[in-house]
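K.L.:
Spelled out from the first residue to the last, the chains are:
Number of protein chains: 4
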Amino acid sequence: MIKAGIVGGTGYTGVELLRLMATHPGAEVVKITSRSEAGMPVADLYPNLRGHYDLAFSEPSVDELASCDVVFFATPHGVAMRMAPELLERGVRVVDLSADFRISDLDVWAKWYGMPHESAVWAERAVYGLPEVARDAIRDALLVANPGCYPTAVQLGFLPLLENGLVSTGHLVADAKSGASGAGRQGSVGMLHGEIGESFKAYGASGHRHLPEIRQGLQAAAAGKVGITFVPHLVPMIRGIEATLYAELNDPADFERLQSLYEDRYRNEPFVDVMPFGSHPETRSVKGENTCRMALHRQEDSSIVIVTSVIDNLVKGAAGQAIQNMNIMFRLDERAGLNAPALLP
Amino acid sequence: MIKAGIVGGTGYTGVELLRLMATHPGAEVVKITSRSEAGMPVADLYPNLRGHYDLAFSEPSVDELASCDVVFFATPHGVAMRMAPELLERGVRVVDLSADFRISDLDVWAKWYGMPHESAVWAERAVYGLPEVARDAIRDALLVANPGCYPTAVQLGFLPLLENGLVSTGHLVADAKSGASGAGRQGSVGMLHGEIGESFKAYGASGHRHLPEIRQGLQAAAAGKVGITFVPHLVPMIRGIEATLYAELNDPADFERLQSLYEDRYRNEPFVDVMPFGSHPETRSVKGENTCRMALHRQEDSSIVIVTSVIDNLVKGAAGQAIQNMNIMFRLDERAGLNAPALLP
Amino acid sequence: MIKAGIVGGTGYTGVELLRLMATHPGAEVVKITSRSEAGMPVADLYPNLRGHYDLAFSEPSVDELASCDVVFFATPHGVAMRMAPELLERGVRVVDLSADFRISDLDVWAKWYGMPHESAVWAERAVYGLPEVARDAIRDALLVANPGCYPTAVQLGFLPLLENGLVSTGHLVADAKSGASGAGRQGSVGMLHGEIGESFKAYGASGHRHLPEIRQGLQAAAAGKVGITFVPHLVPMIRGIEATLYAELNDPADFERLQSLYEDRYRNEPFVDVMPFGSHPETRSVKGENTCRMALHRQEDSSIVIVTSVIDNLVKGAAGQAIQNMNIMFRLDERAGLNAPALLP
Amino acid sequence: MIKAGIVGGTGYTGVELLRLMATHPGAEVVKITSRSEAGMPVADLYPNLRGHYDLAFSEPSVDELASCDVVFFATPHGVAMRMAPELLERGVRVVDLSADFRISDLDVWAKWYGMPHESAVWAERAVYGLPEVARDAIRDALLVANPGCYPTAVQLGFLPLLENGLVSTGHLVADAKSGASGAGRQGSVGMLHGEIGESFKAYGASGHRHLPEIRQGLQAAAAGKVGITFVPHLVPMIRGIEATLYAELNDPADFERLQSLYEDRYRNEPFVDVMPFGSHPETRSVKGENTCRMALHRQEDSSIVIVTSVIDNLVKGAAGQAIQNMNIMFRLDERAGLNAPALLP
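Residue numbers (my numbering), protein chains in the order written: chain A, 7 to 351; chain B, 7 to 351; chain C, 7 to 351; chain D, 7 to 351.
Hints should not be assumed to be uniformly reliable.
Heads up, the list lumps identical chains together, so a pair's fine if it works in one copy or across two of them.
[Unchecked claim] Taking lysine to aspartate or glutamate and the DMTMM-like style, the derived pairs with C-alpha atoms no more than 20 angstroms apart in a straight line are:
#1 Lys117 - Glu340
#2 Lys117 - Asp339
#3 Lys231 - Asp339
#4 Lys231 - Asp307
#5 Lys231 - Asp111
#6 Lys9 - Glu269
Note that these hints are calculated values from the structure, not bench results.
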């Protein structure tokens, strides 16, 4: 049984890790830390865990976490880059769900996250944990940088186009929408039900932290420079991300083979589902599940390929993908703990 | 491996049975019927089942269903009472999620359901499937009448009071609230998002079909006549029932021992959770889970005991309880297939 | 043109006063204060006011407010009792939307609000502003204590029964449900969309501050002691309160005349609408409107009368009723500014 | 007092016309027809109209409608083109809220709406009723084709760019999102709360009826051919449309003057509000109001201009714009009946 620890477990990502790990056949959470809630049973904070966990939050302590096989960081940015190195040096493998190790260019990281990066060494050694791109590297990684939620939905949707050089890379558009849990469990006025219920808006339209992460991934896939406009929006629901992606085919004749190209690309991926051409994936179809579901579309006489891609931001966009990465790292069945269908309706 | 069939699988109860059975270690769905959708893969109707089921809907046929060990009826009332007897006579055990066999007084049944009952013989032999009351009878039952959603939340909340004769039984009040999935998946104007979103109302305040079922259960527990006022309400959410119950203690001194009485009553029940006195159970704490979670309250100087009780109407209120009953009937672990924590947030 | 000021205008009650006053033909808001947002245009905080108001928040100052004809307090409890007296002494009339002057027994007030009352003199002179009960007194009041949201819905629903001595007053039950705006615009974790969306729960079941206010009003109507159990619940919507009320008729024969009794009681009330017997008022039918809409119900063979009553908690439960009171106090048409139908859907 | 009639008043557009007209100072609804609900008081169908209207639905009859000054068609497509001509010939002016007269190329119309057009004569005479473009023509029009909801939000957002030839017109993108009321009040399974609550999806991604209408308007503004990709999405809320628009500036230096260009273009428009550069308009800021609110954005080093534009689909996207058009046609104050601020929260 793999022993897992969680640092910073009071947020939505933390409770989602606990929910999914509760039924994992080959791993268990033995330690969860929270400075603010130390001593409190996790089931007191999250009543859905009553009867599933006896565990209580404890003070963050490297010594105690060092007994784990793997530690998940579900912390705000800036924490993992300070705390993970010591764990790594003591042989604990780390999956960081924060943004600390996602961006390889540390100047870019510093600019978007407003602080200098403090662990260039481990940033260099970290593997960006998108299994559909880097499964082999993840297998042997000591430190996995778990991708952001929007970047997961956007990259998986664009990858086949860019890897095959089929589209003009100058002006990609990613119009993305997320439920409110993406903003975390912070008591801000702006995320009150009274503020975001029955309303819809864009936010971060002039620049969002996930933009450089998306661009980095797309450029790697395209093996060249990519121009991408990314606008996130807030949907009055709790879970789910939908990304509608627009790109211009270099040769409209390629529309003929797009569907099979996507199906081939993801045929062996346990967590990517390509629907029939022209389908409309719904976020509810992946609620609670680790799947990225997508479909392709074309409008009459147009050279624009449209991809619609959905994930659960807390699962494939965070905790589920982290467990998928753990499964890969520890040679467990990649689907272990991630088998249950989405909750629909 | 127990082989299960589902009759009438296109509604919310049907897809929920499929969702829960997908990870059941000791049973599998081998047959699902729908007259209207025969031939369609279940995953085409319910995209959350893509990758989990190859099964397609088939025409209802007793001959084909007869090869199952157990058949779930997820049909409108009036179907099971006509179709189940033939299956039962061929040795197939039945869990009926409709109302056909819930009411033992068939005149009462006929009045509330607007048609004569057509199977007095099996109505007599049916066991009302509330495991917390009738586990032993369920174990050997050929035909289990799975309780209604409101009746489950209301009965479990009142039982310890009535079984111990602690309250005045003349004027119980059950003020209950349900999410929209309780109305099923019918295309009626009244259940449109545009009609019920951002609104709240009572319905059926002059009399609802679950009233006689509730009364029957409470009277059995009280071993006497019970006066109960039951008003259901519609909440702008999808899943969840909350029931707030009011009863007058015969002796206010009994407030001292109520909490331990409830805890003792349900200590060994795998799916009833009594929270600390004065807690407020939330429906989201059981979303997707088979638990009934409850708490007790007292207002200053009052002899009224207040019980708040929550379930997921599609799980403990329907499909989950049906699987719990199947587990009991087939000597499986009662928790099999029902182990995952609720989806929160 | 009546000149109105608002103290504490950054909350939901404040913006609702501004919304309704924007089209009031006989009164206008000339002053709005907020210590935290002084200097900010109200339309920057509330974009729905863009194009409707040039007004900015200013520091609270009795001198400046003294030029108003009337001042609305939309403040947390404890503010009006300290600040209103000075305004009143300078001849400004006050409508206090907070709880400071609602409870005449100041010991009770102190116990529920956790501080001693600081203005016994004005508490004595304040008129409880439920126009359907105290229109004449309101007309001449210097200080009106605007009723709470739950107390408005509950009192209006029970009044005809109590005024006519038709029900047993020992064990009334008021099961009430409110949208999230009732909790105000405070950045607490518990009111995040991620916490309360898709969920339902009771809260304050062991005692809520509106209980003594409700009891006081009901006892006045009954001219005697009233036992009332009041349980509030949180609905995943923004606006709206529904109260389902239960009382036992002393003489079930009175069911015959209840409907006409209610219709007569409220016939001349511009903001109370009695629907046909057995109707189910929806909160959306009063969204944005100052109406309390109600209906009566009876279950078969029962002596329990059920009343369902709905209001918009921010309108008839707060800002709208405050404007209604202002209209009465200044001999304006009682419906002025309150004429628009509810927003449905 | 202008006398108005409504044909097909049982849908959301019909009730919204009634809501807004209830407080219109210069016009009143004297006739409303519905074949299915003839005889029923409008307030029985829509309880928010109780106390505001005595009117009942009547059978559609040209003779009776002919006494109106203006008739609104709130009907499915295909009705107005058959019924409006006779009214027009009898001197009644018509505002058609359906799609019948929006597309000038009747072959295009026939293709998208699946039937031949039956009134080429009046299609030719109809004025497309976007006041910000065609106010003068509307003033004298006998027949106004009220724009669609998406086309209103998209056109108003793009207009200044296209009228001034600032962007590449080959590959515009309009990613639009709508609340559920846009689908009308039809009892379809797909629009149940249980189906669309807590979910988000694109629909019509391969081609939606509003595409040719949008293209026609943009081409008129650009005075040339325009390539536009338009993808609508369904948001789990009732009212509101947000459109995020993407276009490439021919000369990125033009970013300097975009804000003032937009402000100048709409300075005198009573129902268009340009927010400061980089703002994020929310749909709730226009809920119930006739305003289109928009803002401009630029991402670092990008030549793509982003416009976010919001309307209430039932007001500026339907009934409100229809009343605005009526006001223009009858020389009333253009804001008459449309003065109230949006309902927020």
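K.L.:
If a hint holds in the structure, say so; if it doesn't, say that too.
P.N.:
For each hint, the structure was consulted:
In this assembly of identical chains, the alpha carbons of Lys117 and Glu340 never lie at most 20 angstroms apart, being 35 angstroms within a copy and 49 angstroms across copies at closest. With identical chains, the CA atoms of Lys117 and Asp339 are never at most 20 angstroms apart, being 38 angstroms at best within one copy and 52 angstroms at best between copies. Within a single copy, Lys231 and Asp339 get their C-alpha atoms no closer than 36 angstroms, and across copies no closer than 54 angstroms, so neither meets the 20 angstroms cut-off. In this assembly of identical chains, the alpha carbons of Lys231 and Asp307 lie at most 20 angstroms apart only when taken from different copies (14 angstroms versus 28 angstroms within one copy).
Only within a single protomer do Lys231 and Asp111 lie at most 20 angstroms apart by alpha-carbon distance; the minimum there is 15 angstroms, versus 42 angstroms between protomers. Taking CA atoms no more than 20 angstroms apart as the test, Lys9 paired with Glu269 passes in neither setting, with 36 angstroms inside one copy and 33 angstroms between copies.
In summary, the structure is inconsistent with hints 1, 2, 3 and 6 from the numbered list given earlier, while agreeing with the others.
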